[in-house]
Amino acid sequence: MRVISGTAKGKKLNSLQGFETRPTLDRVKESIFNVIQFSLNNSIILDLFAGSGALGIEALSRGAKEAVFCDNSNKATQIIKKNLEETRLIEKAKIINKNYIQALKQLKEENKRFDIIFLDPPYKSDYIIKSIKYILEYNLLKQDGIIIVETNEKNKIKEIEENKELIVYDTRKYGIAVIIFVRKG
1 MRVISGTAKG KKLNSLQGFE TRPTLDRVKE SIFNVIQFSL NNSIILDLFA GSGALGIEAL
61 SRGAKEAVFC DNSNKATQII KKNLEETRLI EKAKIINKNY IQALKQLKEE NKRFDIIFLD
121 PPYKSDYIIK SIKYILEYNL LKQDGIIIVE TNEKNKIKEI EENKELIVYD TRKYGIAVII
181 FVRKG
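Each residue of the sequence shown is one higher than the last, beginning at 1 in the numbering used here.
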């Protein structure tokens with residue numbers, strides 16, 4: 001796993017050992033960033049369920065202004081910090097070591113709003129729909145913001161579309177991974 005483009009291009013990223021996380025494959029990451037490349041410059045990023053921080057770090061490397069990384073795992077937040085230090089992007093980052101509900105509540109209290117939110121929760125969880133509910137309720141997504149969801153369940157598209165505030169504007173499939181691009185309606 002590495003940074004694909006930008007100021008930290010080619011830098012190898014550390015990842016968690018074992019089955020606790022599932023890193024986004026480089027080819028999937030590259031495809032995601034090809035879709036959102038014109039939205040990155042000076043953007044504010046939320047990498048929820050961050051794992052190694054690869055998505056947020058890629059965004060920072062490509063010109064995002066700042067990124068918030070949230071993960072419930074102490075090991076994950078240590079890896080994120082190490083990756084940020086090694087890519088020299090730590091000054092543009094904030095790390096929150098809380099579960100997603102607590103993290104989103106903290107961000108609401110801090111009046112944070114994001115241009116791009118990455119949602120890559122554990123497969124086989126119900127965190128996607130719940131996260132989106134809190135994101136909208138707490139007004140964390142800017143009006144022209146984007147939510148990018150990684151899942152292994154194609155039916156999540158229909159579940160997301162049930163929320164009349166959102167529009168699914170693009171989807172991509174890579175093996176078992178389904179990437180869903182969402183905007184406010």
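Don't read these hints as lab results, they were simulated from the structure.
Worth double-checking, as some hints may not be accurate.
With a cut-off of at most 20 Å between alpha-carbon atoms, the simulated DMTMM-like pairs for lysine to aspartate or glutamate come out as follows [to be verified]:
#1 K94 to E66
#2 K173 to E30
#3 K12 to E30
#4 K9 to E110
#5 K82 to E110
#6 K11 to E110
#7 K142 to E153
#8 K133 to E91
#9 K105 to E86
Nothing here was measured: the structure is a model prediction, and the numbers come from that model.
Taking the numbered hints from earlier one at a time, note which ones the structure violates and give those numbers from smallest to largest. 4, 5, 6, 7, 8 and 9
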